[in-house]
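Each chain is listed here by its residues.
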Amino acid sequence: MSIEEQYRTRAKELLSGGAVKMVIGYGKGTTANRRRPLFISSPDEVERLVLDDVCITNLSGYLVSEGLLSDEKRVAVFLRPEGIRAINILAAESQLDADQIVIFGFDVNGNEVQALKGIHVEEFADVIGSIKEAAPEAAEEELFEKIEKMSPQERFSFWQEEFAKCIKCYACRQACPMCYCRRCIVDSNQPQWVNTSSHTLGNFEWNIVRAFHLSGRCVECGNCDRACPVNIPLRLINHRMAEEVLGAFDHFSGMSKTQEPVLASFKKDDSETFIL
Amino acid sequence: MSETFEPKIIAFVCTYCTYAGADLAGTSRLKYAPNVRIIRLPCTGRISPMFILKALQKGADGVLISGCHPGDCHFTHGNYHARRRWMVFRALLDFIGIPPERVKYSWISAAEGVKFAEFINSVTEDIRTLGPFEQYSQLIEQTQAPASL
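Chains as they are written, first to last, in our numbering: chain A, 1165 to 1440; chain B, 6 to 154.
In short, the hints are calculated from the structure, not lab data. Careful, some of the hints might be misleading.
[As the list claims (entries may be wrong)] As a list, the in silico EDC-like pairs of lysine to aspartate or glutamate whose alpha-carbon atoms are at most 20 Å apart:
no. : chain 1 : residue 1 : chain 2 : residue 2
1   : A       : K1432     : B       : D77
2   : A       : K1296     : A       : D1271
3   : B       : K63       : B       : D28
4   : A       : K1329     : B       : E106
5   : A       : K1313     : B       : D99
6   : B       : K120      : A       : E1436
7   : A       : K1332     : A       : E1318
8   : B       : K59       : A       : D1351
9   : A       : K1431     : B       : D77
10  : A       : K1310     : B       : D77
11  : A       : K1313     : B       : E106
12  : A       : K1281     : A       : E1305
13  : B       : K120      : B       : D131
[As the list claims (entries may be wrong)] A few chain A residues that don't get close to chain B, going by computed Cβ distances all over 12 Å:
no. : residue
14  : N1273
15  : Q1278
16  : G1293
17  : A1299
18  : F1308
19  : E1312
20  : C1333
21  : R1337
22  : Q1356
23  : S1361
24  : E1369
25  : I1372
26  : S1379
27  : D1433
[Claimed, not checked] Computed beta-carbon distance windows for the label pairs:
no. : chain 1 : residue 1 : chain 2 : residue 2 : range
28  : B       : T148      : A       : G1191     : 42 to 52 Å
29  : B       : P105      : A       : S1429     : 18 to 28 Å
30  : B       : F80       : A       : S1166     : 36 to 46 Å
31  : A       : D1433     : B       : P105      : 32 to 42 Å
Quick caveat, the model's predicted, so the values are computed rather than measured. Beta carbons are placed, not taken as given, at the ideal position from N, Cα and C, and that holds for glycine.
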């Protein structure tokens, strides 16, 4: 039985037994290589679930939708390892109760979909540990290294060109499971930290703030990057930040549901070589 | 322009240590560069990275941030939190192309009036050598230009 079939059967069991009130998974998209989020709450609908190698969106963000989990009922969700890490972070930041989440874990290796064993986040600790060990590279490693080697002026020009394209649609924010603030800093206007018009200066500030707020929290699922209508390589900035917190504080985001957020904790012997 | 470039520098300092240190520099009649505008805050933990961006947005050529030495914080650990934040923010600015030389961090206690004066002088000299932050001021100018379609 394929994994798709297995998971459909499991979803059917869970929904008909009332163990979960909803299953969040993937359904057919508008074209053959696209999948869209699917929310099903009746066991008759499980046939609409699809699971294959193009199921890439991180669905964990839907779990923090207002009111979804407030009735304390369980919700099942299809997640790749990054999504599972995202659940850990959301739980660590008290945004959800991890016990309410039933995980349908899977990973894609080449074109092959593999099931990940487990139901609750704790059971995936080994999977997450091995990702940390493997030290994942940036999505576009070549470009990343090229940027690292540039002089500050060249880097500024590179990003200036990229950010000039930004239209401040905030799709990156909407797609990100970590951007759950009810009131984002760019929506606040007293004081107005970031300019609302989409000129390059404001775009710089918006993208700096976005990356900073995701430092030590981003799981590099790539939702922001794929959502960007003008293809700014946002993942590269997030990757640089992940590298920084790993190197400086040995912090790998989403290791466990009790992990302390890196910028809300400290050690007395943190590095401070740059402070005069 | 033959005039020497006078950099505009904004300093965000904590009231309990560095501001008192600046006060000591003043009462000790130490001379230091007049290029720095000091903004006093309750603690380095209160210095949001947004402040640094705002200073640059308003045309600062450099930004200084200074507070109590580790262990001396009036609120016991505000500066420890700040230190982590700076570490990450510094890497971010560098990756985006804002040179780390323009944003400097230091610990200056209430007893270090001399260190304060020297710090201000050295940073002002460094930024004068770097020159105006032209790449950024171009962006600022763009925001003031009339909209074009």
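To see whether the hints hold, each was checked on the structure:
no. : hint                         : in the structure
1   : A:K1432 / B:D77              : 12 Å, holds
2   : A:K1296 / A:D1271            : 16 Å, holds
3   : B:K63 / B:D28                : 26 Å, violated
4   : A:K1329 / B:E106             : 28 Å, violated
5   : A:K1313 / B:D99              : 12 Å, holds
6   : B:K120 / A:E1436             : 18 Å, holds
7   : A:K1332 / A:E1318            : 24 Å, violated
8   : B:K59 / A:D1351              : 16 Å, holds
9   : A:K1431 / B:D77              : 15 Å, holds
10  : A:K1310 / B:D77              : 42 Å, violated
11  : A:K1313 / B:E106             : 17 Å, holds
12  : A:K1281 / A:E1305            : 30 Å, violated
13  : B:K120 / B:D131              : 16 Å, holds
14  : N1273                        : 31 Å, holds
15  : Q1278                        : 34 Å, holds
16  : G1293                        : 23 Å, holds
17  : A1299                        : 17 Å, holds
18  : F1308                        : 10 Å, violated
19  : E1312                        : 8 Å, violated
20  : C1333                        : 18 Å, holds
21  : R1337                        : 16 Å, holds
22  : Q1356                        : 10 Å, violated
23  : S1361                        : 8 Å, violated
24  : E1369                        : 5 Å, violated
25  : I1372                        : 6 Å, violated
26  : S1379                        : 5 Å, violated
27  : D1433                        : 9 Å, violated
28  : B:T148 / A:G1191: 42 to 52 Å : 43 Å, holds
29  : B:P105 / A:S1429: 18 to 28 Å : 24 Å, holds
30  : B:F80 / A:S1166: 36 to 46 Å  : 58 Å, violated
31  : A:D1433 / B:P105: 32 to 42 Å : 22 Å, violated
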